[in-house]
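Student: Listed in order, the protein sequences are those of chains A and B. Following this note's numbering, the numbering of the first sequence begins with 65 at its first residue and continues without gaps. Following this note's numbering, the numbering of the second sequence begins with 1099 at its first residue and continues without gaps.
Keep in mind that a hint or two might mislead.
Unchecked claim - Simulated pairs of lysine-lysine, DSS-like, Cα-Cα distance not exceeding 25 Å:
# : chain 1 : residue 1 : chain 2 : residue 2
1 : B       : Lys1186   : B       : Lys1264
2 : B       : Lys1244   : A       : Lys86
3 : B       : Lys1278   : B       : Lys1215
4 : A       : Lys86     : A       : Lys166
5 : B       : Lys1124   : A       : Lys394
6 : B       : Lys1176   : A       : Lys394
7 : A       : Lys396    : B       : Lys1186
Stated by the list, open to error - Pulled from the structure, derived: some chain B residues nowhere near chain A, Cβ distances all over 10 Å:
#  : residue
8  : His1121
9  : Ala1122
10 : Ser1147
11 : Lys1176
12 : Asp1177
13 : Tyr1195
14 : Lys1212
15 : His1239
16 : Arg1257
17 : Lys1278
18 : Ile1326
FYI, nobody ran anything at the bench for these hints, they're computed from the structure. It should be emphasised that the depicted structure is a prediction, and the values quoted were computed from it without experimental measurement. Even glycine gets a Cβ: it sits at the ideal position worked out from N, Cα and C.
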Amino acid sequence: MKNLLKKDNLFQISYRHLISKKRQTIVAMMGVTFGIAIFIFQGGLMTGFQKTFIEQTINTSANIRIYNESKKNLASILSQLNQYQNAIVFLRNPKPKDESPKIKRANEIIQYLQKHPNVEGVSPNLSAQVIFRSGITQVSGRALGVDIMKENILFNVEKYNIQGSIVKLQTIPNGIILGEGLAELLNVKLNDNITILSSLGVALEMKVVGINKSGITELDKTRAYINIRNAQKLLMAENDYITDINIKLKDINESQELAENLQKLLGYKALDWKEANANIFSIFKIQNMVTYLIITTILIVSGFGIFNILMMIIYEKLPDIAILKAIGFKDKDIVRIFLTESLIIGISGGILGLGLGFALQKIIGSIRMNVKGFVTLEYLQFNSSIGFYLFAFFFAIIVTAIAGYIPARKAAKTDPIDILRAK
Amino acid sequence: MNSSSIIITKNLNKFYHDPVEFHALKNINLDIKEGEFVSIVGASGSGKSTMLYVLSTMDSDYSGEIYFDGELLKNKSKDQLAEVRNEKIGFVFQFHYLLPEFSVIENVMMPALKLNKYSRDEIYLQAMEKLKLLDIEKLAHNKASKLSGGQQQRVAIARALINHPKIIMGDEPTGNLDSKNSEAVYDIFRNLNKSFHQTFLIVTHDLNFAEKTDRIIQLKDGEIIHDIKK
């Protein structure tokens, strides 16, 4: 630094201009500092939250889900047959024919899927709407019949299991794993007994062998894992009855393409995770747009600060600019002097801003928040990746450079004769 | 022809278009030789300053031809003209125009650092030498803004000398000084002219000053009406 100060003549001029205007320089610098700090804090909070949410969503919803989609709004056969213009057809209260959501030849499909090179794991399941009952407390929810070891490959159930053990779902015939919120609502603990009652009137006595916390609040309040055979009992179904096949992929970015192919091949609906969560992603898009609009505005305002101080310096230094041009400094040298001034402000303000933003993230991130909303979080999650910081920094530098270039260009354009001419 | 020409003009004309069409310089044909001490005089509005700035390469809006040190200026770009000024012309203005954030010696070094022909240490020594020549070497490390008017003008002269220019151009260099300091500036110029054969082209309305120079060019309404060589 000392060397640069000594050697580069233009840099010296820039540097001394700023030194002679210490207070204004610091104010302009602080503008950039706060701009970047807010960028890092706000943007980091936003993207950090979204990243957490997406991770949890990927962990709790299948990359691809195959199921038998019930057909909606089928025109009745009677109206199809009506070819008589003058006839009036009455059809009251039509009910869909008993159409089973069963996936036929499920075993073959599973075997086929497991051989696919991009498939990491396949887990069949059967979901039943049930009422959980403990004493007089009743909670409605969903009992998910699964092969727990296969399910674990897909959703890492074991990691989110906070009490008990998932293996017991296999070893204990009437075992059940409850979501944390569900266990709280039912007021039951590990090894307590509860009753589950299906819509077909089948009641099963179950024993709590585990408590699970996925972090997605709604899911933890309504979902329980049971053995697939018990789910079949609840629905009075034969033992090859399953309604869903979930797939985990090695490369989740290929989910869309593979889902389309499977849908054509199998004749069942294949839903990939992006499509399943499309509404959330579109919310994120709007959220990001608004956030970055605000942050960009703040940085542009700090750009105005720089623009302002430079215009002030240039106005005051018109005689200096004139003499520099007279003694042989070129227009581009003048541009460089003032552009350097704005970049000194931008870079030093930017570095301070990165530090301040980082400190804010760490301080706020260390306060226990216990957020229970969309997702359950103990602490706020920030995006503190180097890429994000670099992005914020370079964005600020670009704003600074533009804010500096406009007045610098103006300075270079001044005609020295108007100023130097004897009066 | 025992010495070469620094500036030759051929049918130099200049018009101002704003606010009204105005013929500021009319058919100026001039030949300024190396080692001459020339003053340009005339009433205000006679075109003397205009002529100086055209000859100084800062104003390139003219018709006709100017040869500076043998080179035609017309074909040069703005940047090339800046290089010509940096290397071959020294300027002394009515107001000193030193950079207030820099010390005296740094101000003197500035054109040489821009030229970038010698190392910083060599330039420092050369600048010190110029300050000694003008008898202000004691002020070398003072802030330029802390000096008196006469001292500042000496610093400006030292700055004009630093690149060993072909010519020093002055626009009323004594215009803002009292008679004692004006006298001193003349003596400095005269000395430099005598001992280093330094060429001067000085616009002045100070007739006292002009009369002591070797050649007086008088302008009236944009025309040379007298060109007296002693």
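Student: Decide, hint by hint, whether the structure agrees.
Tutor: Hints versus structure:
no.: 1; hint: Lys1186/B - Lys1264/B; result: holds, 5 Å
no.: 2; hint: Lys1244/B - Lys86/A; result: holds, 20 Å
no.: 3; hint: Lys1278/B - Lys1215/B; result: violated, 37 Å
no.: 4; hint: Lys86/A - Lys166/A; result: violated, 76 Å
no.: 5; hint: Lys1124/B - Lys394/A; result: violated, 30 Å
no.: 6; hint: Lys1176/B - Lys394/A; result: holds, 8 Å
no.: 7; hint: Lys396/A - Lys1186/B; result: holds, 20 Å
no.: 8; hint: His1121; result: holds, 18 Å
no.: 9; hint: Ala1122; result: holds, 12 Å
no.: 10; hint: Ser1147; result: violated, 6 Å
no.: 11; hint: Lys1176; result: violated, 7 Å
no.: 12; hint: Asp1177; result: violated, 5 Å
no.: 13; hint: Tyr1195; result: violated, 4 Å
no.: 14; hint: Lys1212; result: violated, 5 Å
no.: 15; hint: His1239; result: holds, 15 Å
no.: 16; hint: Arg1257; result: violated, 7 Å
no.: 17; hint: Lys1278; result: holds, 20 Å
no.: 18; hint: Ile1326; result: holds, 23 Å
The earlier numbered hints that this structure contradicts are 3, 4, 5, 10, 11, 12, 13, 14 and 16.
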